[in-house]
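J.: Numbered as in this note's numbering, the sequence shown ends at 1291 without a single skipped number.
Bear in mind the hints are in silico, worked out from the structure with no lab data behind them. Any given hint might turn out to be false.
Claimed, not checked - Straight-line alpha carbon distances no greater than 25 Å define the calculated BS3-like cross-link-like pairs of lysine-lysine that follow:
id : residue 1 : residue 2
1  : Lys1012   : Lys1134
2  : Lys814    : Lys1156
3  : Lys965    : Lys814
4  : Lys1023   : Lys1012
5  : Lys965    : Lys1023
6  : Lys833    : Lys965
7  : Lys922    : Lys880
8  : Lys965    : Lys1229
9  : Lys1229   : Lys1012
10 : Lys1233   : Lys965
11 : Lys813    : Lys1012
As the list claims (entries may be wrong) - Restraint ranges, calculated between C-beta atoms of paired labels, are given here:
id : residue 1 : residue 2 : range
12 : Asp1245   : Phe886    : 25 to 35 Å
13 : Thr951    : Gly1227   : 43 to 53 Å
14 : Gly1227   : Thr1152   : 22 to 32 Å
15 : Glu1238   : Leu947    : 38 to 48 Å
Model, not experiment: these values are computed from the prediction. Yeah, the Cβ is synthetic: ideal placement off N, Cα and C, and Gly gets one too.
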Amino acid sequence: MNCYLKKAEENLLPLHEYTVMPEYEKRTLQTGDSITLDLGNYYVGYFSFVMDWVDVYIDAPVKLAVKFCEGEKEIDADFSTQTSFLSSWLQEEIIHVDFPGRYNMPRRYACRYVKITVLFSPQKLTLSRFAFRATTSADLSRLTFPALSDSRLADIDKVSVNTLKNCMQRVFEDGPRRDRRLWIGDLRLEALANYYTFNNLELVKRCLYLFAASEKNEHGFVCSFVYENPVFVSGSDTYLVDYALLYAATACDYVLHTGDKETFLDIYPVVKAQLEGAHSILDEDGIISRQSGWFVFIDWYPSIECIIPLHGVYLYTLDLMVQAVEKLLPEDAAMFRKWLDEGRTNAKKVLYDAENKRFSNSRDKNQYSVHSAAWMILGGVLEAAEAREVLTAALNSPESKKPVTPYMYHYVIEAMIKIGMKQEAKSLLTEFWGEMLDWGAVTFHEMHIPGQPDFSAYGSYLTNSLCHAWSCTPSYFIRKYWTK
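Kindly generate the complete structure, drawing on both the sequences and the hints.
T.: Below, the structure written as structure tokens:
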């Protein structure tokens, strides 16, 4: 077994389990009837119920449709009309129950609502004693909520924590309904929020080791996602450069938070290789070069151009690397500092339009975006005063492309805080995540455009993940910056 994979397994801890019993007024059902259960919150786990007969014993199998819904819109939606490539993630089972008694559904589900329809029954029946056995690797006994005078922030914090809790399973999943795997971009943000809430360090270590064990491409980049259950398989066809860099950033966050030098040095050859790989694909101007195929994520905004923001991710990670290794490995720290200084100089020279106060270049088809401004600021290319002008203009301009994911909004808010726009960052966070609350969210969503509740990057809102890891970081910001 790969030594990194062995260490990942050593950090797999048992899940915490608890049973949710939804309220339901028992009634007689027959063919064509349906019931909808509200669990009262969003949970991840396993569902069971008891079927019993009324008057006459059920002498043939009962056919039921059982639908597990993240949100209310799914309850009455016809899943059979969905043709998206992600439609198999929609949670609806057609089951045959042979005998009265308790029926345990074998698959894991993620939902708030459960709708059961009697498709056929030879006799009248009852369904009762519903139980949802919820699982998480988050230890709820470790959690405390800060005293916040701002009730809106307090509500956002609670929903953020609920989102994180449900995504914390055997790994930090991206979404417990979809895709149920470990992606680097989600991991980085989940780990940050986890440090300020549940502080499950074993889970972070496990995930770092899983990526260290993954396949690497010709540049040494780790796979952008891995599967680990029932077997370990790395996503060998997807090597996103920004995610490879953010793997290194996650390792830096970990050692800076914990002081666990042993784990950091153990995976350091893989961590260092991510920066070396990025440095190897700089062009003649010292800017990250475009690669073939799908090589970068940044955001789900349609047709977003990514070279400028990607170069910002490179600089941002170099900065974290300098902080992480300056005492442990001073020679490497000096090398990373040199690359960082050169990268910042090249970015300002090549990618910055000083006259118009924007980051725009032919490499990105002269596209103007908040993404570029935020990542260049996080990369330290501009001094704070000028950076405030640039980011404020990008956020307010009708010409600029705006983020559509909480993932990218995290980095926008981080950039704002970095350059002294702390109050503006708080307002943006409250407005963006607060609108999801207004739409009834009990967990935060994968993507969100203000005023467009049905937006989807996949062709159908129903395939969006309504509990998504990368949307959990308000808890990180609130507890780090806005709690006394």
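J.: Take the hints in turn and mark each one as holding or not.
T.: Cross-check of the supplied hints:
1. Between Lys1012 and Lys1134 the CA atoms are separated by roughly 21 Å; this keeps the pair inside 25 Å, and the hint holds.
2. For the given pair, Lys814 sits about 44 Å from Lys1156 by alpha-carbon distance, which is inconsistent with the 25 Å threshold.
3. The hinted pair formed by Lys965 and Lys814 fails the criterion: a straight-line CA distance of about 33 Å is larger than 25 Å.
4. Of the pairs offered as hints, the one joining Lys1023 and Lys1012 holds, with about 19 Å between alpha carbons and a cut-off of 25 Å not exceeded.
5. A distance of roughly 38 Å separates the Cα atoms of Lys965 and Lys1023; the hinted pair therefore is violated under the 25 Å criterion.
6. For a cut-off of 25 Å, the pair hint linking Lys833 to Lys965 is broken: about 32 Å separates their Cα positions.
7. Between Lys922 and Lys880 the alpha-carbon distance is near 12 Å, which keeps this suggested pair within the 25 Å criterion.
8. The straight-line distance between the Cα atoms of Lys965 and Lys1229 is roughly 21 Å, inside the 25 Å bound, and the hint therefore holds.
9. With a C-alpha separation of about 31 Å, the suggested pairing of Lys1229 with Lys1012 is violated against the 25 Å cut-off.
10. Distance check on the hinted pair: Lys1233 and Lys965 sit about 16 Å apart at the alpha-carbon level, within 25 Å; holds.
11. Only pairs whose Cα atoms come within 25 Å are accepted, and Lys813 paired with Lys1012 is accepted, the gap being roughly 12 Å.
12. Checked against the hint of 25 to 35 Å, the C-beta distance between Asp1245 and Phe886 comes to roughly 27 Å, which is consistent with it.
13. With their beta carbons about 29 Å apart, Thr951 and Gly1227 fall outside the hinted range of 43 to 53 Å.
14. Between Gly1227 and Thr1152 the CB atoms are about 23 Å apart, so this pair conforms to the stated range of 22 to 32 Å.
15. Checked against the hint of 38 to 48 Å, the C-beta distance between Glu1238 and Leu947 comes to roughly 29 Å, which is inconsistent with it.
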